[in-house]
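With the hints as constraints, model all of the structure from the sequences given.
This is what each chain is made of:
Protein chains: 4
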Amino acid sequence: MAPSNSKVSECLTDKSLAAVLPEPNAPLEIQELKIPEVIDGAVLMKVSNVGVCGTDVHLWHGKLSGVPYPLILGHEVVGTVERVGPGDTRDLNGHEIVEGDRIAFHDVVDTCYSCWYCLIAKAPTKCPHRSVYGITLDSTKWPYLIGGYSEYLYLKPRTQMIKIPEHVTFDDAIFAGCALPTAIHAVTRSPLRWGTNVAVQGAGPVGLMLTILAKINGANTITTIDRSIERLKFAEEFGATHTLNIEETSLDERRDLVRDISEGHGPDIVYEATGNALAVPEGIELVREGGTYTICGQYTDSGGVEVNPHYMNRKHLDIRTVWGTETTHVYQAVRTIADNVDRFPLRKLVTHHFMLDEAQKALETQGSQKSLKAVIQPNE
Amino acid sequence: MAPSNSKVSECLTDKSLAAVLPEPNAPLEIQELKIPEVIDGAVLMKVSNVGVCGTDVHLWHGKLSGVPYPLILGHEVVGTVERVGPGDTRDLNGHEIVEGDRIAFHDVVDTCYSCWYCLIAKAPTKCPHRSVYGITLDSTKWPYLIGGYSEYLYLKPRTQMIKIPEHVTFDDAIFAGCALPTAIHAVTRSPLRWGTNVAVQGAGPVGLMLTILAKINGANTITTIDRSIERLKFAEEFGATHTLNIEETSLDERRDLVRDISEGHGPDIVYEATGNALAVPEGIELVREGGTYTICGQYTDSGGVEVNPHYMNRKHLDIRTVWGTETTHVYQAVRTIADNVDRFPLRKLVTHHFMLDEAQKALETQGSQKSLKAVIQPNE
Amino acid sequence: MAPSNSKVSECLTDKSLAAVLPEPNAPLEIQELKIPEVIDGAVLMKVSNVGVCGTDVHLWHGKLSGVPYPLILGHEVVGTVERVGPGDTRDLNGHEIVEGDRIAFHDVVDTCYSCWYCLIAKAPTKCPHRSVYGITLDSTKWPYLIGGYSEYLYLKPRTQMIKIPEHVTFDDAIFAGCALPTAIHAVTRSPLRWGTNVAVQGAGPVGLMLTILAKINGANTITTIDRSIERLKFAEEFGATHTLNIEETSLDERRDLVRDISEGHGPDIVYEATGNALAVPEGIELVREGGTYTICGQYTDSGGVEVNPHYMNRKHLDIRTVWGTETTHVYQAVRTIADNVDRFPLRKLVTHHFMLDEAQKALETQGSQKSLKAVIQPNE
Amino acid sequence: MAPSNSKVSECLTDKSLAAVLPEPNAPLEIQELKIPEVIDGAVLMKVSNVGVCGTDVHLWHGKLSGVPYPLILGHEVVGTVERVGPGDTRDLNGHEIVEGDRIAFHDVVDTCYSCWYCLIAKAPTKCPHRSVYGITLDSTKWPYLIGGYSEYLYLKPRTQMIKIPEHVTFDDAIFAGCALPTAIHAVTRSPLRWGTNVAVQGAGPVGLMLTILAKINGANTITTIDRSIERLKFAEEFGATHTLNIEETSLDERRDLVRDISEGHGPDIVYEATGNALAVPEGIELVREGGTYTICGQYTDSGGVEVNPHYMNRKHLDIRTVWGTETTHVYQAVRTIADNVDRFPLRKLVTHHFMLDEAQKALETQGSQKSLKAVIQPNE
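Residue numbers (my numbering), protein chains in the order written: chain A, 1 to 380; chain B, 1 to 380; chain C, 1 to 380; chain D, 1 to 380.
One should not assume that every hint holds.
The list treats identical chains as one, so a pair stands whether inside a single copy or across any two.
Stated by the list, open to error - Computed cross-link-like contacts, DSBU-like style, restricted to lysine-lysine with a CA-CA straight-line distance of at most 35 angstroms:
| # | residue 1 | residue 2 |
| --- | --- | --- |
| 1 | Lys122 | Lys163 |
| 2 | Lys315 | Lys141 |
| 3 | Lys156 | Lys315 |
| 4 | Lys315 | Lys370 |
| 5 | Lys156 | Lys348 |
Hints are computed from structural coordinates only; laboratory data are not their basis.
Set out below in structure tokens:
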């Protein structure tokens, strides 16, 4: 593979190694793929860091429908611009993209901005034309290099890019790939402001990002809830004023605590980021009367759960469910990281690093939740 | 004291007959009660019409907690001002209340506007100091005449009143007592506007009021759903563009229909007004992706129900639950009736009238759902 | 020109007559232009009706900057699909566009949905890449037929189209071209709902559309203000409950009237649609304390005007200014017309019709305000 | 006056010294007034600190209408509970008020929560029944001790109180009296969130509180503008990322700077807190297209000013004017101070302290703007 001290030879390369998932539950295979011509509006990115997402583990297990195999995983990707197509290619701030730029991008492409969901309902995350790098793009079709578990990633025209400021490391920036935009979308649909009392269900990457956002927005108390001692320690380091371990407390105790620390009222806002259906009735129980419950962690089907409509009605609630991310959430994510990196050095949450040929191991590590965030560095 | 022919004898009276519920499940008893002095800020109302609410039936069966028995039922009350306390008493528009005025009033009193819920959370329907005429006020304590199943009702100081315009009959105005304010509160917390596609679960009094409000607001399609042929006929007469009978259709058929009539998208807003917990998962199924579901009919506990959080999350929903009414909803109710009475003659929904000594029968009629709205006229 | 009973010969034509404005203040010239090939995603429309907008008059006088001359005027256009490019072309509801479809379209194209204004600020009407048929598109460049004063109009790929239902005439539909979407945008940024008291400044096309929208949304009182007796008559016919002629009343009288008809409070919402700077201080005076003032008529610079910030501050106002239209406003416009055409037959507002070779006269008629809405029918 | 180590003698006192303003422009006179009986619901406060507000200076000069003279000035008051009326008196969190409690309170009382503005328009700051301690309450009528320039202040029943936590000094808490609630009201009516670019016009007490709130809410850049070098230094210390001196820069330079620091877009939100009418056209110029301008500093009439409606319309703005404060803003102010006092030690903004018999000098010092915030300590 091309060494990092030889830009010239890199540029001349026309091959890229990639870790390919041939079919569900099969081991990843390192393959050499041809790099297509970089056309007008497109960018070839040399991948620095690619995050291993819980979704990648689900994809490995074949749990998502509508996914084309063989697949190159990896939708949380940051790196350096290797080549730019002819013509004028610009990032979201209108700055020209040039070789050597360090960039992040919105992993969702092809949102059409022509259909009823995009233009009339103004719910572009429900646009039926969307594709996602590393999830729904087809690696057997142009431009082939469509996932981040690869030396090079081909960013098609109309991929939304944003430059990463120099003072932000790639390990910090990796959270702009998925976890932080998801949390930002949730926050955007809730009345988060200074002085509010917040509870966060789940201290995985999305839950920690919600914790951080609550802190940055000046929340008064932030109670993060999980079953992992390690993750709750991260929560404390990244903004939580209180943590609760569901292994060590009953629901009644949790409800009492979040009330006691909020003058007896309960949290104004509860965010769900667990992926566990059982979290939902608990969230409805924890939130204060007249409060807001925002659900953004139910990305896979973990079954049905019982709720009591009368109890919900009596509490006079505002419940939002939040699907997918818009480009603005990625843009805000990069800015949020850049503006707060001293206060919240996200790179500390990257607990494990892997080489490209260790991609399988990276996947297994994240699957076992040994890592908070595992990262593959394909060009190291 | 006020003249107007035979009024004289009435006005001189210091007694009032009332139908008293001695204890849960006991028959109502007609008793004669003393009318207390009408103090500054108070008003003695001669009751013209009092609606029999589903809640009255629940109260009869002792299903609500925190209710003091013996009780004088009746919170949907309109009538004529018989006496006004000394001093200057004004309605919500700042007009002086005088004898002979035809008035409606907010059945909820004693909202404190001093506590955390009233002033900080701005959720006055959760104020712990609230009392309700005919439900939680104690008939053994001053001012005794606290329910509408009575010749006279004593409106305490700070009861919020509004005059009923001359062109509105008491049968029209009775809906400002409970059903219409409840529906207005629900509508206020939803994005109802012209051109939207709306579905309403339930064609009881609240569901019909939601149907009417959707029509008045220019909704494009309004699909009202119930199991009663009679009630669905009322829905068609009062604004529904489509009706669905749950006895005659499957959930799949209902979902398909509301999609078909909305360019394939499904209703932007679904309102729940059924009192049946099972309506909630159906509502989540019916509403379009990115739509709004507003729950205002779960006033009693009809048990738990299963929902799928992943399905909810994927639909990117906004779910509101709506509790109680504020004074503004009653104010708007009277205005809404007055402004639209030609188009929507609500009096037609009063299917049964009873004398005061038939109060027991009125209660049973409403309990059996033979009536859409039964009304008692204590002074007839 | 091609007769309407011979579809075949029409389709074979490759020429279109158009009224071209060579330079500001010059008379329009009828020219014959070549019809370009209809490429994938494009549509050739046979123009039925094109509205003459006040903006057209300004363009004729050279009052807008950034406009390329020679110019083919006409951005309010409805007609019939003559040819469709190869491939699958769909309208905003996802329905395939086929020859013979009667369509409207968003006159603004090339909104990029890639820039900061489109995706981050979510203010697509401020996107710097937007072009407008009949205003900023260059008739000397492909596809040449870019304005509605022409037998044929070439709709480029990504032009947003919507089919016009059969029961809507082209004269009804013309208002979806500009006036109604502008009014819809204003209404979308205001708290218009049933029961509100509304005032509308101006009874030109936009002011009348605001009047109609207020009525459709169930406003309680609607007071439309203008200096033209004819226009105020239209206002009364199209929803106004009250009208005020500024030639016959003083500002004090107008303020008193709008207060008197709203229980003494003043209008909850005032819409400005005059194009006259002096309307703004009057609007601030008319709106009630705590009310909303929405300015959407100041499309050209009519100079500065004095306001009193202390007076504004004391009134606790919400003032919105509204620029341009989004595709959704055109979509909603077509639906609004279709849903309400019986109640509000907009075609009655088309006071003058002209042939294509009378385009110059049409422009002069609209410029003199003799017409409420002049329409050119290029294929008659 | 009674020493602080002798609670008993204090409680027995029935006299209070107060600085009374006999009539506009007359010097303050120290008078001894009788303390009325503390009735049920009332509280006698021993005044610790009273802020000298710019409004006090205006009152001294007789510039406000509807003010009863003689007057005891002082509406920014914190102190200690000396006596509590019989019965159960509670603060906004529902905690019982007892002797020795350190408290702040909402200076506005008698908001009726019965009128159209309070209950229907939900604009309680426009309630016609409101009175303000130290401004509109009449010192010749019960309870006489109605202003803070006094050893004791009599808080009438229904005065909204909140306890001050132990870790907050009275000099910190004084800002909950007026400046911070005013700023909180402004912020509540604007989309302030993390990551926004904010500009604040004016670095007086309200402008500094807006600067602090922007910082607490995670604003990205905060540019505070004033003409005083000292005040701009405070701004830098209390959250401003940039400051601009209007004596040293042109409007063009200011507009360019706020654009340059926000990726070329301009501030998302501009707050006005100057009291100078000329700030309003500048604010409209500074705010970005599609941004929000919030005016809360125009409490006195400084004349008219010219604006250009076309320019405003083209910018697609949201302009709010904000009048008065609600109880919730005072509640949030106390919490905000308590939660952030380490980061923002507001007591540093109290530049001058005075004894009660120096009240006249305190007024003159604040009037000359020598002090940022002058405070009188009547019991020192």
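Hint check:
Within a single copy, Lys122 and Lys163 get their C-alpha atoms as close as 26 angstroms, and across copies as close as 20 angstroms, so both meet the 35 angstroms cut-off. In this homomeric assembly, Lys315 and Lys141 come within 35 angstroms of each other (Cα to Cα) only across copies, at 30 angstroms, whereas the closest approach inside a single copy is 51 angstroms. In this assembly of identical chains, Lys156 and Lys315 lie within 35 angstroms of each other by CA distance solely across copies; the values are 28 angstroms between and 48 angstroms within a copy. For the identical chains of this complex, Lys315 and Lys370 are inter-copy neighbours only, at 32 angstroms across copies versus 38 angstroms inside a copy, given an alpha-carbon limit of 35 angstroms.
Taking the closest pair of Cα atoms, Lys156 and Lys348 come within 35 angstroms of each other only inside a single copy of the chain (31 angstroms); across copies the shortest separation is 51 angstroms, beyond that limit.
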